[in-house]
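Q: Chains as they are written, first to last, in the working numbering: chain A, 827 to 1162; chain B, 827 to 1162; chain C, 827 to 1162; chain D, 827 to 1162; chain E, 827 to 1162; chain F, 827 to 1162.
Think of the hints as simulated: they come from the structure by calculation, not from any bench.
A virtual CB, placed ideally from N, CA and C, is assigned to each residue, including glycine.
Where hints are given, some of them may not hold.
Reference listing, derived: stretches of chain B covered by chain A, where coverage requires no fewer than 3 residues with Cβ under 8 Å from a Cβ of chain A [said to hold, decoys possible]:
| # | region |
| --- | --- |
| 1 | 832 to 843 |
| 2 | 865 to 873 |
| 3 | 1046 to 1053 |
| 4 | 1062 to 1073 |
Number of protein chains: 6
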Amino acid sequence: MKPAARSRLHLEIDLFRAGKSTGFIRVPHSVHRSAYGWLPIPVACINNGEGPRVLLMAGNHGDEWEGQVALGRLIRDLDPEQVRGRLIILPSANFPAAQAGTRTSPIDDGNLNRSFPGDPDGSVTQQIAYFLEHVLLPLCDYAFDFHSGGSSLMYVPGTLCRRDPDPAGMARLLGLMRAFGAPIGWIGSALQGQDRTLTAAARRQGVVCMGTELGGGGQVTPSVLALAEAGIRRVLAYVEAYTGPVPARADTRLLTLGGNDYYVYAPDGGVFEPLVELGDEVKRGQPAGRIHFHDTPWRAPTTASFARDGLVICKRVPGRTERGDCLFHLGTPYDG
Amino acid sequence: MKPAARSRLHLEIDLFRAGKSTGFIRVPHSVHRSAYGWLPIPVACINNGEGPRVLLMAGNHGDEWEGQVALGRLIRDLDPEQVRGRLIILPSANFPAAQAGTRTSPIDDGNLNRSFPGDPDGSVTQQIAYFLEHVLLPLCDYAFDFHSGGSSLMYVPGTLCRRDPDPAGMARLLGLMRAFGAPIGWIGSALQGQDRTLTAAARRQGVVCMGTELGGGGQVTPSVLALAEAGIRRVLAYVEAYTGPVPARADTRLLTLGGNDYYVYAPDGGVFEPLVELGDEVKRGQPAGRIHFHDTPWRAPTTASFARDGLVICKRVPGRTERGDCLFHLGTPYDG
Amino acid sequence: MKPAARSRLHLEIDLFRAGKSTGFIRVPHSVHRSAYGWLPIPVACINNGEGPRVLLMAGNHGDEWEGQVALGRLIRDLDPEQVRGRLIILPSANFPAAQAGTRTSPIDDGNLNRSFPGDPDGSVTQQIAYFLEHVLLPLCDYAFDFHSGGSSLMYVPGTLCRRDPDPAGMARLLGLMRAFGAPIGWIGSALQGQDRTLTAAARRQGVVCMGTELGGGGQVTPSVLALAEAGIRRVLAYVEAYTGPVPARADTRLLTLGGNDYYVYAPDGGVFEPLVELGDEVKRGQPAGRIHFHDTPWRAPTTASFARDGLVICKRVPGRTERGDCLFHLGTPYDG
Amino acid sequence: MKPAARSRLHLEIDLFRAGKSTGFIRVPHSVHRSAYGWLPIPVACINNGEGPRVLLMAGNHGDEWEGQVALGRLIRDLDPEQVRGRLIILPSANFPAAQAGTRTSPIDDGNLNRSFPGDPDGSVTQQIAYFLEHVLLPLCDYAFDFHSGGSSLMYVPGTLCRRDPDPAGMARLLGLMRAFGAPIGWIGSALQGQDRTLTAAARRQGVVCMGTELGGGGQVTPSVLALAEAGIRRVLAYVEAYTGPVPARADTRLLTLGGNDYYVYAPDGGVFEPLVELGDEVKRGQPAGRIHFHDTPWRAPTTASFARDGLVICKRVPGRTERGDCLFHLGTPYDG
Amino acid sequence: MKPAARSRLHLEIDLFRAGKSTGFIRVPHSVHRSAYGWLPIPVACINNGEGPRVLLMAGNHGDEWEGQVALGRLIRDLDPEQVRGRLIILPSANFPAAQAGTRTSPIDDGNLNRSFPGDPDGSVTQQIAYFLEHVLLPLCDYAFDFHSGGSSLMYVPGTLCRRDPDPAGMARLLGLMRAFGAPIGWIGSALQGQDRTLTAAARRQGVVCMGTELGGGGQVTPSVLALAEAGIRRVLAYVEAYTGPVPARADTRLLTLGGNDYYVYAPDGGVFEPLVELGDEVKRGQPAGRIHFHDTPWRAPTTASFARDGLVICKRVPGRTERGDCLFHLGTPYDG
Amino acid sequence: MKPAARSRLHLEIDLFRAGKSTGFIRVPHSVHRSAYGWLPIPVACINNGEGPRVLLMAGNHGDEWEGQVALGRLIRDLDPEQVRGRLIILPSANFPAAQAGTRTSPIDDGNLNRSFPGDPDGSVTQQIAYFLEHVLLPLCDYAFDFHSGGSSLMYVPGTLCRRDPDPAGMARLLGLMRAFGAPIGWIGSALQGQDRTLTAAARRQGVVCMGTELGGGGQVTPSVLALAEAGIRRVLAYVEAYTGPVPARADTRLLTLGGNDYYVYAPDGGVFEPLVELGDEVKRGQPAGRIHFHDTPWRAPTTASFARDGLVICKRVPGRTERGDCLFHLGTPYDG
């Protein structure tokens, strides 16, 4: 199947064929070691009659594993008979990054979630972004983008959406978040990356979009993976794309994510010692973490403090830190 | 002060001067950007009359932060009046690695804990090992080497010692371990790295040596750091090198660490999903983890299983894994 | 001589001066090691009265040597008295790549033949493409671009052209191909690289363009070099740009190159064992090559097969192969 | 304070607050080691009532230190009471390059002074250029950009301006140059980098702009630093932005900088031996330097000569040289 | 099974177990991405009663593929019932190099065949060499080391041995070479690499050793692979380690390899044009190849000539060449 | 000519042949891009009857150009009739470093002057050191090793020798230094690099050795080059190896070089501002330089001071500096 005129990527599978298809999206890649080669992004598609059209993707950042593992299992386990409509499943969207185990692509240093709307003649990551926004998204009603904290951050597992000014739209987003059933869900108006994310691309293409931040630290944990797998089935059932059994869900605490005062950044370079834990309620002015000077350990560390009250939903993982690295960010109760 | 004849390293501070001294061990480093430069390894020394001579070191691996932060605080906070004898404190022993935030040195790829007895004319890491074994250790009665799991592993916090065939020696080691007060302590006869570790160097130099494995994942956590700081004071008090207040300690569960059947290794490359958690009791044959093939997610993952019963004391952190990476290791009850 | 207004490249030689001129195209390159430097792309020009204006270039990919050596010899050996009109000879068009011996430029990873129409403010490779399309091509009637298989591919030596819907244009192209006298010649409508190649640039500028694929494997062989040198003189004589002696030519077998089913790609990563040779006639379904798993040699290799009947005109050279690398491509008889 | 709508950079300080403010320009940088980090470009601002609005910047190239050190001292030493209007001081404009000690940025190989007008969605260096041209310059009447020769070039210390066709504008520029008081000052119509420099950006934004070339060789010297510090105070006093004491100035010799014949480039690669010194008056045809072949020292060196008469104002520093590197450039008397 | 005391490598399989065993040699490798990992070198062993003990190895250089593919097939296809004695099969001896597709190891730049007798505490390549010489070779009567030309050289397929001063030993070596049945076989007294090769190690351990040079160019060809597979079975049958069917063999032309005058080296850097082909008989003084200056193609190339008469048995493949690269080497008739 | 038994290096030229010979020392180098290649170190030899045997070398560090250029000219210009005895001239002793323009070798990071006595089986730099100490030095009476400050340091041009406890030996060294005629000459007992330098190797081999430090900064200047060329001829005349004309010489000021208090090192990382110049007489406690914090320019710089009185003979060149870099070193009057 040939994608839209301008994209140079080639889909091995037919997105309109009934049943389950698996194969690769081929990204042309003409380099010294292979003049006429392509990079293989794995993709699966399940079609079963009428129903919603859903894109499920992970690996937007290559080192966010929970969604990649959960979507791989979905490809293997899902019975097409339990599907209604079409699922396009893209477990490792920035495959070169996932192959390397890094947030960004080793080929062009590209951060896929800062590359939309992409460029059909640009770098590999820009070509992938273009294909997602201009070939796959226009074929979909819903897009679910499964992120985690990756190598540098750890989250209280949660779902997230952009605030929708239309009440019906907002209600639909809240319904998706409650269906997924993560401990927290956040609604933001100024998310990181702004108009260059998959979320922004989905909005431009008129696609309903929900994201997640599931754990992180560059690892997989049994409990977060279990949440991811159950949440995916619940949200597919919620949009009536899946008719199989779904596990029971817990309540989701809804939060708002605001601007700069929700974040704590490293005031200096050194070794980061956190002074609070994920899930703590903190107060404005409370010490958040220390930066230790391991080149001159007799020098007193620098302390960073919270700029407002809130719930700690994200913290930095690696000890080694540079000035400007995000150490924490907060959420505050969602006001509806 | 000039160290032993053959080492080319230079100590800025006088190890025999009363009170607290801080400065650098200078490692000559003649390179393009600086023909006559040296690398600065921070070091502190506290002398106060008669008493045991103790080496406290961390940063043997550069990305094991808990001990580095705890020893830095010890340098800043310890009142020399509360010391008896001499403490030599080396928070970032392989400083080039700690500066880079990596296990091994970016200068020579050197793993310091696989470099003993070192070489005075070798690479930077080999020169550091030589200095530790031949200059610092001969000045000491005790050596405490504070490791953690680093970027790739996470441990149940613990202390560890090599089995001592002499009952009195063994009793002394067990006393140190109980004094430190970590949740677990292990005694091994075939530890990783064998005769090339600081532990082996200490044994060669007749120095009583205890190590730790404190958390890991390349991060610092408040609870493990608190354990490290309390444990250091307790063990210094136990050897009568410290007369200040000590926090109460918890019991330590003693374990034995055996050979290859205590370890689970990745049977293939891919993404690692653990099936058990740290602290779980497992049975021989029980599935330990899966390796997922994220390049072809429709392919079933490979499962690795435990080769014996035991307690899970260590697990791999990063999702991205290659064949041969250690996924878990076990401990079994210490038989005395 | 100053090139067209927007290009930042500077031509040392005067393209309108009678006789033979040699020098460099200067590509401004302001970097740490030289704030006001330029990169020197060697170029020659021969003018002798009225006649066609011809661009002869090689080194579009830096590791395709046959054309580079043949054009260097042409610069040294050609007597201006035997020329009619103007020859612009550019033996190493992507000179930084040729200097490094690689397909793409070490400066910007640029593949020149995927960079047209170029960008006067872009990377070095994009600036070269812009200069070729907007400065040199508008001065020419013919462009001959001498490619080979490069480091990763080996070809049955051949000429190639894009299919021209105009019968007169097509006849002229066939005449050029027959004049060159390679064993095969192919006509394609969907060549690799599409609208970003020198061929596409020439079409946009109204220049008649023929390419070659001469051997490959990153090497020079006496027989292919002899063909290149004779073919260049024959084709120059054919367009009446050269009046000297020409060696006799052999017949050229005309072929068509089609879409995806003409190509065989590696289904997995490993070591490539070809099962056919260049020049073989193969059948649909016939095994083409095996990919061996040298990390687990007891595992059976994967076999790739041809998707259609045809003549093997290109094969991959390096044993070490990744999924998606082109292993073979085919030609089928030209139907006129 | 939020900069202009499209730039993604964030200013920590308020440019309209009275007195001296210091902090960072935050460049969002989402990478593997820090998903939500930013790069910190140090900036200071001094406001004191009515007066001219002046941008003082250095570190446009990261290895040009004289201006960076002088502006750092200005930030520390200047009493806001002695200021009239507003000074924005940006000592290390391309901070990632300055941090690395290189001309260009290690993040994207970007040469900031070849990146204007920049791109708000481009690479880090392109984003900095965009912020400078579209956020900071529109707030200014004057821009002073303190360059030096950097690692590869050494200059007779001087000021430089683009020729202004308006006599009043030209007089103002000459006044600035005389006020700064460097040994030489040059007026050029075709400066290196053309429309992609800060100078060109300033002209586009209607800002009066003067640059410098202060020494070089990648180093700081006491005499050039003293000139820089005195010259900055003199030029600020000249535009009535500074009311404190100013050191006396020397006369400036005015020169013109012309086209290609003012430059000498390396005709080959090897080791560069200069045959003249900075400040020498040279004649057309005079030998300028030799390139020695240190791989075959028995081979005679190549000699490069001057293409016109003039004063040597710039020479290459490093011995190791490639074909195309600038060895010298000349100035000729300014004709008014 | 635990290898000899000092080697740190661990064999997963039991070399004394009847039948076919496959698994890995584990090379301990403690690095940032895996603190307790090992590198997996694949190995197989077939035991069947009494008989000779034979080591078959390839991948001594990682980019010599013919032997690696042939030995992998031997592991899969050989019926243990057809074996007599013990075969140890090591298809990719320097596995990190083979995995990367390079001659030398990407871990330590180690050339395994210049690393004997190895070092149990040295780099990864030195540890592999030590294990081969001190653990595996002492268990063997014969060692066959299947080399090819690799990425940089192409050979007339041949076998090679060191001259044995003992006539019985020499006869046995000639018998092995004739049994293998390659087009040529050479006997040398001063082979490349001298006392640091596997051949030298085998001699030190009293093991009869034959090598090969099978094609090259970093590729696999059907004809050379067929020779390798047949030759391996013939030579195993000759030493009575194999009782299955053997293909008929061709005659081998015996040659002597001498000192410096048998080799032609590049007199300069540039692009290599060979003037003779493999298998040509050449005369002293005959031009062998040209080095073209592609940076200044108007400059005449340099010609290298043969220093003696002989048969061309090896040539350089890559066009891009540096001074000192071997272009050709010769053989002369073996005098018995 | 074959060098001593154990060295693997091969000399192309015959050191005993009358007249001038030029060629290469071949260092075997078997790597991916060339399996049987060698690295070419240029060397020349002039023999003319009886007389002293002298080694003249430069390029011990690859970025010290003055001696390399001067010795290249000596090779080209010296008339063998003016020589007595034998001169071995090695302009670029660590040729891979000189080719790269770096202090140390890009192949193995080797600092040749920290590699003696070398290792015949070691890295490339260790093999060169072994060849110099064990093959060339035993053939010589005198060794002159022409260093400069290189890329990171600048010297008052001088000669240097190790203190010789034998008065006759010391007088001979002083005679050599006075004959060379540099502005200063120093005698040291604890020179940088100690027993691993060429000077130490010469002493071990009973060869009279004098070194130089000629300028630096990684550049060539006309005045220092003129001194080098004249000094070389004067010192050759002094040992009666040269009978041609010699330029007049100036007096040399003799200095002593002592231990740590003669050096000033950077107390922190940042940008180095020197406060004194080469040739200044300084006092203990006098400020020597400042380290500026260009990441936070509002922070006061750190000042480093001299630890004793003396003459400034060496200063650091590059602005960007790390803690531990040498900023200055001093000399004090030679006491005889």
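Q: Could you work out which of the previously given hints the structure breaks and list their numbers from low to high?
A: Those not satisfied are hints 1, 4.
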